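> Listed below, chain by chain, are the residues.
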Amino acid sequence: MASQQRKIAIVTAILAAFAYIVPYSGSFVVLLATRAMTFAILAMSVDLLLGYTGLSSMGQAAYFGVGAYLTAVLATKFHVGLGWDFWLVVPLGILVGAALAALFGLFAIRAGGVYFLMITLALGQCVWGLAYRWNSLTGGDNGINMTGRPSFGLDLGNEVTFFYLVLAFLAGSMLMMYVLVRSPFGQSLAGIRERELRMQILGYNTWLHKYIIFVIAGGFGGLAGVLWAHTNGHVSPETVVLTTSVDSLLMVVLGGAGTLVGATIGTGIVFGLREYLSTLVPWWQYVLGAVYVLTILYLPMGLMGIPSRLRQRFASQGKKEGAKKLATKPS
Amino acid sequence: MNTQFWIVQAFNGVSYGALLFLVGSGLSLIFGVMRIVNLSHGAYFLWGGYIALSVISASTSWALSLPVAALAVALIGMAMERIFLRPLGSEPLRQVLLTVGFAFLFQQGALDIWGGNNMDINPPSYLTESIVVGGIYLPLYRVFMIGMAAAIGIVLWLIMEKTRMGAAVRATVDDAQMARGVGIDTNLISMFIFALGAFLAALGGVIGGAFLGIYPGLDFEMLPLAFAVVIIGGMGSLGGAAIGALAVGLADNFGKALFPEVSYFTLYAPMVLILAVKPTGLFGRE
Numbered sequence: 001m002a003s004q005q006r007k008i009a010i011v012t013a014i015l016a017a018f019a020y021i022v023p024y025s026g027s028f029v030v031l032l033a034t035r036a037m038t039f040a041i042l043a044m045s046v047d048l049l050l051g052y053t054g055l056s057s058m059g060q061a062a063y064f065g066v067g068a069y070l071t072a073v074l075a076t077k078f079h080v081g082l083g084w085d086f087w088l089v090v091p092l093g094i095l096v097g098a099a100l101a102a103l104f105g106l107f108a109i110r111a112g113g114v115y116f117l118m119i120t121l122a123l124g125q126c127v128w129g130l131a132y133r134w135n136s137l138t139g140g141d142n143g144i145n146m147t148g149r150p151s152f153g154l155d156l157g158n159e160v161t162f163f164y165l166v167l168a169f170l171a172g173s174m175l176m177m178y179v180l181v182r183s184p185f186g187q188s189l190a191g192i193r194e195r196e197l198r199m200q201i202l203g204y205n206t207w208l209h210k211y212i213i214f215v216i217a218g219g220f221g222g223l224a225g226v227l228w229a230h231t232n233g234h235v236s237p238e239t240v241v242l243t244t245s246v247d248s249l250l251m252v253v254l255g256g257a258g259t260l261v262g263a264t265i266g267t268g269i270v271f272g273l274r275e276y277l278s279t280l281v282p283w284w285q286y287v288l289g290a291v292y293v294l295t296i297l298y299l300p301m302g303l304m305g306i307p308s309r310l311r312q313r314f315a316s317q318g319k320k321e322g323a324k325k326l327a328t329k330p331s
Numbered sequence: 001m002n003t004q005f006w007i008v009q010a011f012n013g014v015s016y017g018a019l020l021f022l023v024g025s026g027l028s029l030i031f032g033v034m035r036i037v038n039l040s041h042g043a044y045f046l047w048g049g050y051i052a053l054s055v056i057s058a059s060t061s062w063a064l065s066l067p068v069a070a071l072a073v074a075l076i077g078m079a080m081e082r083i084f085l086r087p088l089g090s091e092p093l094r095q096v097l098l099t100v101g102f103a104f105l106f107q108q109g110a111l112d113i114w115g116g117n118n119m120d121i122n123p124p125s126y127l128t129e130s131i132v133v134g135g136i137y138l139p140l141y142r143v144f145m146i147g148m149a150a151a152i153g154i155v156l157w158l159i160m161e162k163t164r165m166g167a168a169v170r171a172t173v174d175d176a177q178m179a180r181g182v183g184i185d186t187n188l189i190s191m192f193i194f195a196l197g198a199f200l201a202a203l204g205g206v207i208g209g210a211f212l213g214i215y216p217g218l219d220f221e222m223l224p225l226a227f228a229v230v231i232i233g234g235m236g237s238l239g240g241a242a243i244g245a246l247a248v249g250l251a252d253n254f255g256k257a258l259f260p261e262v263s264y265f266t267l268y269a270p271m272v273l274i275l276a277v278k279p280t281g282l283f284g285r286e
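The listed protein sequences derive, respectively, from chains W and P. Its first residue numbered 1, the first sequence is counted upward by one per residue in our numbering. Its first residue numbered 1, the second sequence is counted upward by one per residue in our numbering.
Just chain W, with the same shape it has in the complex:
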C-alpha cells in the first residue's frame, strides 16, 4: 500500500507542477496542453477497456463524437450551454456517451478478441457515417463552428481559466477511474482480462462486468467530447473518424496500458510531437509512425513499463553473477 500512496503523491505533485508552470509558458503551450488533457480523458477511457479489461476497442471516437456534437449542436442551434447551463451540458454529454455505449455494448460485448475489435470499428463507422452525411444536423463535411466558450462568472474564453477547468476535469476523471479500478469491481475486471473462463467458473457474470465498464468508458468518452468541442471550437467528422479511435488506442499502448497515468503521458507525447514538431520539421509524421512501430516492437508494456523492465534486467544480472560465484566456489 505504501508504494501506492507514493505513486499517488508523485502524480499529484506532477499535476500541481504542471498547473503552476504551463500558464507561464505562452499561449501556444497552454492551448496545446489543454487539447492534450482533453484527449487524455478519452485515452484513459480506452485504458479502462484495454488495460484493465482486455478489450481493444476501435470505436471509442464514437462516444467522444456524440459528446462533441451534442455540445456543438446545443450551443449553435439552441444557445444552450454557453452560460451557467454549461454545467447541465457536461452531465448530459456523459449521459449521451454512456447511453450510446449501452446500446453499442449490446452488440459488441458478445464478441471476443479480434471480433470485438472489428465490431467496435463498425459501430464507430456508423456514427462517423451519420456525422458525415446528416447535413441538416451535423453540418456534414464542414462540421460546426462554435461561437465561443461558456461564461458564468468565470470566463472560459480566457485560455488560462479554461486550462485550469480542463485540468480539474482530468484530475477528477483520473481519480474516479483510479478508485474504480482499485475497487472489487475493478479487480474482477482484471480477473476477466487474465482469464475470462475462470471468472465464469467462479460464478462471475463476466458479460455484465464487461458491459458495465463499456458503458462507463462511454460516459468518460462523452465527457471528453464535451470538453473537446469547447477546446477546439470546431466539431467535424474528423472528430469521429477511425483514426481518432486508433490514435487513442496507440496513445494508451505508447504510455503503457493498465496504468491510467500512461494513457495521459502517451497522449501528451503524441500531441507534443504532432503539434510542436509539425511547426519545426515537415517530416514529423515519420517520427510519429516510427514511435508507434518501435513502441510495439520493443516496448510492449509502454513507457510506464520501462522501470520494471530495468529492475528486472538488473535483478536477473545480479542473479547470474550470484550464480557464477556459486559455480566458481570450490565444493
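These are computed hints drawn from the structure, not numbers from a lab. Errors might be hidden in some of the hints.
[Stated by the list, open to error] A short, non-exhaustive set of chain P residues, derived as facing chain W with CB atoms under 10 Å:
#	residue
1	Gln95
2	Trp157
3	Leu158
[Unchecked claim] Pairwise CB distance ranges (calculated):
#	chain 1	residue 1	chain 2	residue 2	range
4	P	Gly213	W	Ala13	52 to 58 Å
5	P	Asn2	W	Leu88	23 to 29 Å
6	P	Leu71	W	Glu275	54 to 60 Å
7	P	Leu88	W	Leu277	25 to 31 Å
8	W	Leu31	P	Gly213	55 to 61 Å
9	W	Gln200	P	Pro87	44 to 50 Å
10	P	Glu91	W	Gln200	19 to 25 Å
11	W	Gly233	P	Glu261	22 to 28 Å
12	P	Ser54	W	Thr279	27 to 33 Å
13	P	Tyr137	W	Trp207	50 to 56 Å
14	P	Lys278	W	Leu88	40 to 46 Å
15	W	Leu137	P	Leu258	16 to 22 Å
16	P	Leu258	W	Lys77	24 to 30 Å
17	P	Phe5	W	Glu275	46 to 52 Å
[Said to hold, decoys possible] Coverage of chain W stretches by chain P, computed from C-beta distances (three or more under 8 Å per stretch; other residues unrestricted):
#	region
18	125–132
19	294–301
20	305–314
This structure is a prediction, so every number in the text was calculated from the model and none was measured. Virtual Cβ for every residue (Gly too), placed ideally from N, Cα, C.
Given the coordinates of chain W, assemble chain P onto it according to the supplied hints.
Quick look at chain P alone, frame taken from chain W:
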C-alpha cells in the same frame, strides 16, 4: 424513379462492388491465413494508384502501369510481413497497431513523394466510351471493372480449389498448427498470401483511381469499406468476399441515391447486425 434509374444504379453498384472485391478479397485472405487485421491495406490501395501514376507519366502506358504498380506494392507487403510482422508473434492488438503505424508512415511517404493534390488516372480512350444496351448508356470502363474482377475472382478460385498450393492455403486457414504438422511451410504461405493481398489492393488502386481519383486520405476511406466487405462475407472466404463486395457496392450506391443523409449508416449498420449475430461473417468458418 423508373426502371432505368434502378438499372443504372444497380449497374453502378455492381461495378463498385467489383472494385471492392479486389480490395476486400486480399484483406480477407490475409485475415483467414494469418489472423492479422491489416490496417495498412488502404495504404496499399493508395500506393497502387500513385505508383501507377508515376509509371504512366514515365512510359505513357496505362496497361503497363497495372502489373508494375501491383507487383511493386506486393514486394512492399512481402517485406513488411517478413521483416516486421512475423517476429511479432500472434497477439492481435500488437499486430493491428503495427499495421496502423505503417499506414501512417505510408500516408506521409505518399504525401512527400506525390504531393497533396487530387490526381486522376486516365485510362486509354478505348475504355472511356460508352456502350448502349436497350437505350441505357453503360460506361465501358465500368464494364471493364466488372470483367476484371470476375476474371481475377475465377483465377483465385481456381488456384485455391484446384492447385496443391491452394490446398495448402486452405489447410492453413482451417488449422495452422495442424498444417505445420503435416509439413506445410506456413511461413511461406503467409508471405505469399500477404503479398497476394497487397497485389490485389494495389490493382484495385490503379483501377479505382480512374473514377475515384487518387488523393491523400483515400487510404483511410477505402479501409472501412474493405472491412465491411470482409465482415459481411466472412473472413478468409473468397466466395464470401465476392458476395460481401456486391452487397456493399449495392448498399453504398442505393443508399447514396435513396437516403443520402443516412447513406453510410445504411452501410455499416447491417455490418454490425451481421457481426452481432454471426461474428465469423455470413460465409466464414468457425
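> If a hint holds in the structure, say so; if it does not, say that too.
Taking the hints in turn, this is what the structure says about them:
1. With its C-beta approaching chain W no nearer than about 9 Å, P/Gln95 sits inside the 10 Å limit, and its interface hint holds.
2. For the restraint placing P/Trp157 at the interface with chain W, the shortest Cβ-Cβ distance is roughly 25 Å, beyond the 10 Å limit, so the hint is violated.
3. With 10 Å as the threshold, the beta carbon of P/Leu158 stays out of range of chain W, its nearest partner Cβ sitting at about 29 Å, so the hint is violated.
4. A hinted range of 52 to 58 Å for the beta carbons of P/Gly213 and W/Ala13 is consistent with their spacing of about 53 Å.
5. Under the hint 23 to 29 Å, the C-beta atoms of P/Asn2 and W/Leu88, about 51 Å apart, miss the expected range.
6. Between P/Leu71 and W/Glu275 the beta carbons are some 39 Å apart, a value that contradicts the proposed interval 54 to 60 Å.
7. For the pair P/Leu88 and W/Leu277, the beta carbons lie near 27 Å from each other, so the given range of 25 to 31 Å is met.
8. At roughly 35 Å, the beta-carbon separation of W/Leu31 and P/Gly213 lies outside the given 55 to 61 Å, and the hint is violated.
9. Checked against the given bound of 44 to 50 Å, the beta carbons of W/Gln200 and P/Pro87, roughly 34 Å apart, lie outside it.
10. Checking the proposed 19 to 25 Å range against P/Glu91 and W/Gln200 shows it holds: the Cβ atoms sit about 22 Å from each other.
11. Judged by the Cβ atoms, the range 22 to 28 Å given for W/Gly233 and P/Glu261 holds: they are separated by roughly 25 Å.
12. As the Cβ distance of P/Ser54 to W/Thr279 is approximately 31 Å, the hint placing it in 27 to 33 Å holds.
13. Remark: the range hint 50 to 56 Å for P/Tyr137 to W/Trp207 is upheld by a beta-carbon distance near 54 Å.
14. Between P/Lys278 and W/Leu88 the C-beta distance comes to about 42 Å, which sits within the given range of 40 to 46 Å.
15. The beta-carbon spacing between W/Leu137 and P/Leu258, approximately 19 Å, falls within the hinted interval of 16 to 22 Å.
16. Between P/Leu258 and W/Lys77 the beta carbons are some 27 Å apart, a value that agrees with the proposed interval 24 to 30 Å.
17. Between P/Phe5 and W/Glu275 the CB atoms are about 48 Å apart, so this pair conforms to the stated range of 46 to 52 Å.
18. With a cut-off of 8 Å between beta carbons, the region 125–132 of chain W has 6 residues touching chain P; three or more are needed, and the interface restraint holds.
19. For the region 294–301 of chain W, the proposed coverage by chain P is satisfied: 3 residues have a C-beta within less than 8 Å of a C-beta in that chain, meeting the threshold of three.
20. For a cut-off of 8 Å, the count of residues in the region 305–314 of chain W with a CB near a CB of chain P stands at 0, and the three-residue condition is violated.
Consistency with the previously given hints fails for numbers 2, 3, 5, 6, 8, 9 and 20, ordered from lowest to highest.
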